[in-house]
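Since the structure of chain X is provided, determine the placement of chain D on it from the hints.
Listed in order, the protein sequences are those of chains X and D.
First residue of the first sequence: 1, per the numbering used here; consecutive thereafter.
First residue of the second sequence: 431, per the numbering used here; consecutive thereafter.
Don't read these hints as lab results, they were simulated from the structure.
Bear in mind that the values here come from a model prediction, so they are computed numbers and not experimental data.
There could be a bad hint or two in this list.
[To be verified] Straight-line alpha carbon distances no greater than 30 Å define the calculated DSBU-like cross-link-like pairs of lysine-lysine that follow: (1) K255(X) <-> K279(X); (2) K368(X) <-> K467(D); (3) K301(X) <-> K467(D); (4) K181(X) <-> K533(D); (5) K426(X) <-> K176(X); (6) K557(D) <-> K279(X); (7) K533(D) <-> K180(X); (8) K398(X) <-> K218(X); (9) K624(D) <-> K457(D); (10) K122(X) <-> K366(X); (11) K122(X) <-> K467(D); (12) K533(D) <-> K357(X); (13) K624(D) <-> K511(D); (14) K273(X) <-> K255(X); (15) K624(D) <-> K597(D); (16) K353(X) <-> K122(X); (17) K467(D) <-> K255(X); (18) K366(X) <-> K79(X); (19) K364(X) <-> K234(X); (20) K396(X) <-> K368(X); (21) K273(X) <-> K544(D); (22) K467(D) <-> K185(X); (23) K467(D) <-> K327(X); (24) K339(X) <-> K457(D); (25) K544(D) <-> K279(X); (26) K599(D) <-> K620(D); (27) K253(X) <-> K457(D); (28) K467(D) <-> K353(X); (29) K185(X) <-> K532(D); (30) K544(D) <-> K301(X); (31) K255(X) <-> K307(X).
[Claimed, not checked] Cβ pair distances, simulated, as ranges: (32) F71(X) <-> Y527(D): 52 to 62 Å; (33) G50(X) <-> S558(D): 42 to 52 Å; (34) K272(X) <-> N586(D): 21 to 31 Å; (35) M275(X) <-> H536(D): 19 to 29 Å; (36) N479(D) <-> V178(X): 54 to 64 Å; (37) L459(D) <-> S49(X): 33 to 43 Å; (38) K218(X) <-> D571(D): 52 to 62 Å; (39) N479(D) <-> F116(X): 30 to 40 Å; (40) D554(D) <-> I267(X): 39 to 49 Å.
Think of the CB as a built atom: it goes at the ideal place given N, C-alpha and C, for glycine as much as any other residue.
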Amino acid sequence: MDFEKFSKNDLIDIICCYKYTESELLDYKKNIYENFEFPTYIFENKWFSGDYYINVINTQAIIYFYSNDLFVLYEGKFKRLKGDFWEIYSEIINFLTENNILFFNLNLYEMGNYLFNLYIKKTDLLSVIVVPGEFIKKYNERYFIVKGVFKSNNIFLPKVKSNEILYSKYINYPNKAVYKKNLNKIRRYIVNGYTYQINYTERIFINKYIHPYDIFEKVRNNQNSYSAYFTISKNRIVISDSPERLFIINNDKIKAEPIKGTISTKIPDYCKKLMNSNKDLRELSMITDLLRNDISSLIQKNTLNVKYPVLMKLREVAHLYSEVSGKLNEDILFSDIIKNLFPGGSITGVPKKMTMKIISHIEKGKRKIYTGSLGIVNSNNNIDYNILIRSFYLEKNKYVYGTGGGITISSDIEEEWKELINKSEKIQNL
Amino acid sequence: MDKARATNILIIDNYDSFTQTISYYLKNLEVNTTIIKNDFFNDNVEFLNSFDGCIISPGPGNLLNIGLCEFYINKFIDIKKPVLGICLGHQIIASLYGGILKKADHPYHGETRKIYFNDDVLFDGLKSPCVMTCYNSLIIDECYNHDIQITAWTKNPFHIMAVKHKKHKLYGVQFHPESFLSEGGEWILKNFLKMI
Numbered sequence: 001m002d003f004e005k006f007s008k009n010d011l012i013d014i015i016c017c018y019k020y021t022e023s024e025l026l027d028y029k030k031n032i033y034e035n036f037e038f039p040t041y042i043f044e045n046k047w048f049s050g051d052y053y054i055n056v057i058n059t060q061a062i063i064y065f066y067s068n069d070l071f072v073l074y075e076g077k078f079k080r081l082k083g084d085f086w087e088i089y090s091e092i093i094n095f096l097t098e099n100n101i102l103f104f105n106l107n108l109y110e111m112g113n114y115l116f117n118l119y120i121k122k123t124d125l126l127s128v129i130v131v132p133g134e135f136i137k138k139y140n141e142r143y144f145i146v147k148g149v150f151k152s153n154n155i156f157l158p159k160v161k162s163n164e165i166l167y168s169k170y171i172n173y174p175n176k177a178v179y180k181k182n183l184n185k186i187r188r189y190i191v192n193g194y195t196y197q198i199n200y201t202e203r204i205f206i207n208k209y210i211h212p213y214d215i216f217e218k219v220r221n222n223q224n225s226y227s228a229y230f231t232i233s234k235n236r237i238v239i240s241d242s243p244e245r246l247f248i249i250n251n252d253k254i255k256a257e258p259i260k261g262t263i264s265t266k267i268p269d270y271c272k273k274l275m276n277s278n279k280d281l282r283e284l285s286m287i288t289d290l291l292r293n294d295i296s297s298l299i300q301k302n303t304l305n306v307k308y309p310v311l312m313k314l315r316e317v318a319h320l321y322s323e324v325s326g327k328l329n330e331d332i333l334f335s336d337i338i339k340n341l342f343p344g345g346s347i348t349g350v351p352k353k354m355t356m357k358i359i360s361h362i363e364k365g366k367r368k369i370y371t372g373s374l375g376i377v378n379s380n381n382n383i384d385y386n387i388l389i390r391s392f393y394l395e396k397n398k399y400v401y402g403t404g405g406g407i408t409i410s411s412d413i414e415e416e417w418k419e420l421i422n423k424s425e426k427i428q429n430l
Numbered sequence: 431m432d433k434a435r436a437t438n439i440l441i442i443d444n445y446d447s448f449t450q451t452i453s454y455y456l457k458n459l460e461v462n463t464t465i466i467k468n469d470f471f472n473d474n475v476e477f478l479n480s481f482d483g484c485i486i487s488p489g490p491g492n493l494l495n496i497g498l499c500e501f502y503i504n505k506f507i508d509i510k511k512p513v514l515g516i517c518l519g520h521q522i523i524a525s526l527y528g529g530i531l532k533k534a535d536h537p538y539h540g541e542t543r544k545i546y547f548n549d550d551v552l553f554d555g556l557k558s559p560c561v562m563t564c565y566n567s568l569i570i571d572e573c574y575n576h577d578i579q580i581t582a583w584t585k586n587p588f589h590i591m592a593v594k595h596k597k598h599k600l601y602g603v604q605f606h607p608e609s610f611l612s613e614g615g616e617w618i619l620k621n622f623l624k625m626i
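Isolated chain X, as found in the complex (with noise of 0.2 Å):
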């Protein structure tokens, strides 16, 4: 079935083996589906700490950028500009900054590679600028809505065969005996000192038939969370459950938050367990050092703080953190602080650059929005990004969920294989 036909037919293809069943939820979900004008953009809970709410009319602009192009969507017409991503994306977001304009940015993984001088194709999307037209600040509402653009209603969505069970979900969790090769593989480059650690990542890919905003109705009740509802297109929707913040900027301050160390919270005692886990904290430790490096081009002097170790309690896993934090330079550009803090480095590893080399030989299959980072940006002086784990992608008809974890010399392949699939437990949710 090609994906440009799959519209109202097929979805009553699909409604109609099921009429005799479940007919009363099906009816919902096709009143739901064909009926609801369903929004493009939602952001709620730990943006800027969930103290702070807007809510925006319509969109301006939307602008993506590939390494030698750009597309702006005006008007409801694309536009194309060629020209070094670089030099362009740092000229706009400079810009809309100093103007006090906002927008939303969703950078993916593929831009630290073009950051880093690694190899990435023509064809990657390296980020997303959306501008919103008017909005009006409201205190009453926890998110913003961006109405305009896109119908949700016109999404691609997972393509299932009309003979298959409309409700069992098809998940294709990654290989263990790959996972364990690599996982040797990184062994080596460790032992020889090309990585202190390296953030390893596997895909799962989600075939079934549902909605983004159902899958967002089902996560965003997480006062712990970047909540986010995003629309990059048609076929790219991201729904971010993101627990860990890169960077936000109040006033001068600007603070990292890199998160590394993981349990699971069945294990009885587990805050204390992780709190005196020696291979947890040096982990995170590595991972503060790097952040520190990250950070202290970007900040005033003597102003360097380090908040070391934090607890952080989720549902299913607990996490520890640091904070690093300082006071800006007068003269720094959003430009150099995106610049050297993209991509996180608790997503990479140390040391990033040739970690990220090791991870573009290892990894099968581009990461894009995962470990990517969506942020909002209200004027210089107002900005929080996240970075995007535990979180949904819908592209090309097929549900994406990375998970993943930070591997050193005394990782165990079993243990690590578990929080892989422990901090993918959200799927079987939906």
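Below, chain D without anything else, positioned relative to chain X:
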């Protein structure tokens, strides 16, 4: 040292993720820094003479990944200015004088270790043993050149943690003074500035 102008230090970056922290520590000490990548070539006499000293950064890999570090070390020996090697930089300095590297018993990535030292100017202000963070999987095994002197070490197992050259102003430390878990790491940089 010319007191009228601020101290300038050249930092050679081996594509590492701790180089900017070293530069930041030096800025805290009112020192100007210039960072160049290890494969950036410049033999301009005026350029080199504008610096009072040089720091060779840590870095991933081994002695095959050091670009032009040896070239710059020799240049600074020629102009009689001090060089401090950190981690990979330390191993480069030792290997220039017949040092042989081997794999340590296990990688010491992000591990804090007790460092013992004799009275050397580089460790002024610190008490032996001091706690410093290590990020190495390789270690200097032996050094067959009598001009290289071991100034710090660990016990159980014994590992060489700092070296200096008896004639030239060359210093190397295996540990990372810029790590936040290193206690009093800034003293190493302060003391290095005294060598200028």
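Structure-based check of each hint:
1. K255(X) <-> K279(X): holds, 25 Å
2. K368(X) <-> K467(D): Holds, because 29 Å separates the two Cα atoms, which is no more than 30 Å.
3. K301(X) <-> K467(D): holds, 23 Å
4. K181(X) <-> K533(D): Cα-Cα ~23 Å, so holds.
5. K426(X) <-> K176(X): With a Cα-Cα distance of about 20 Å, the restraint between K426(X) and K176(X) holds, given a limit of 30 Å.
6. K557(D) <-> K279(X): holds, 28 Å
7. K533(D) <-> K180(X): Measuring from Cα to Cα gives roughly 24 Å; hence the hint holds.
8. K398(X) <-> K218(X): holds, 18 Å
9. K624(D) <-> K457(D): holds, 15 Å
10. K122(X) <-> K366(X): holds, 13 Å
11. K122(X) <-> K467(D): holds, 27 Å
12. K533(D) <-> K357(X): holds, 23 Å
13. K624(D) <-> K511(D): holds, 11 Å
14. K273(X) <-> K255(X): holds, 27 Å
15. K624(D) <-> K597(D): This hinted pair holds, its Cα atoms lying about 16 Å apart.
16. K353(X) <-> K122(X): Holds: K353(X) and K122(X) sit about 20 Å apart, inside 30 Å.
17. K467(D) <-> K255(X): With a Cα-Cα distance of about 27 Å, the restraint between K467(D) and K255(X) holds, given a limit of 30 Å.
18. K366(X) <-> K79(X): Holds, because 27 Å separates the two Cα atoms, which is no more than 30 Å.
19. K364(X) <-> K234(X): Holds, at about 26 Å.
20. K396(X) <-> K368(X): holds, 13 Å
21. K273(X) <-> K544(D): holds, 25 Å
22. K467(D) <-> K185(X): The given pair, whose Cα atoms are some 28 Å apart, holds under the 30 Å limit.
23. K467(D) <-> K327(X): With Cα atoms ~27 Å apart, K467(D) and K327(X) stay inside 30 Å; holds.
24. K339(X) <-> K457(D): holds, 21 Å
25. K544(D) <-> K279(X): holds, 18 Å
26. K599(D) <-> K620(D): Given that 30 Å is the threshold and the Cα spacing comes to 15 Å, the pair holds.
27. K253(X) <-> K457(D): This hinted pair holds, its Cα atoms lying about 19 Å apart.
28. K467(D) <-> K353(X): Given pair K467(D), K353(X) holds - Cα atoms ~13 Å apart, limit 30 Å.
29. K185(X) <-> K532(D): Within the cut-off at roughly 20 Å; holds.
30. K544(D) <-> K301(X): holds, 29 Å
31. K255(X) <-> K307(X): Holds. K255(X) to K307(X) sits at ~11 Å (cutoff 30 Å).
32. F71(X) <-> Y527(D): 52 to 62 Å: holds, 57 Å
33. G50(X) <-> S558(D): 42 to 52 Å: holds, 49 Å
34. K272(X) <-> N586(D): 21 to 31 Å: Since the Cβ atoms of K272(X) and N586(D) sit about 29 Å apart, the hinted range of 21 to 31 Å holds.
35. M275(X) <-> H536(D): 19 to 29 Å: About 24 Å separates the Cβ atoms of M275(X) and H536(D), which means 19 to 29 Å holds.
36. N479(D) <-> V178(X): 54 to 64 Å: Since the Cβ atoms of N479(D) and V178(X) sit about 55 Å apart, the hinted range of 54 to 64 Å holds.
37. L459(D) <-> S49(X): 33 to 43 Å: With Cβ atoms ~35 Å apart, the hint holds.
38. K218(X) <-> D571(D): 52 to 62 Å: holds, 57 Å
39. N479(D) <-> F116(X): 30 to 40 Å: holds, 32 Å
40. D554(D) <-> I267(X): 39 to 49 Å: About 47 Å separates the Cβ atoms of D554(D) and I267(X), which means 39 to 49 Å holds.
When held up to the earlier numbered hints, the structure conflicts with none and fits them all.
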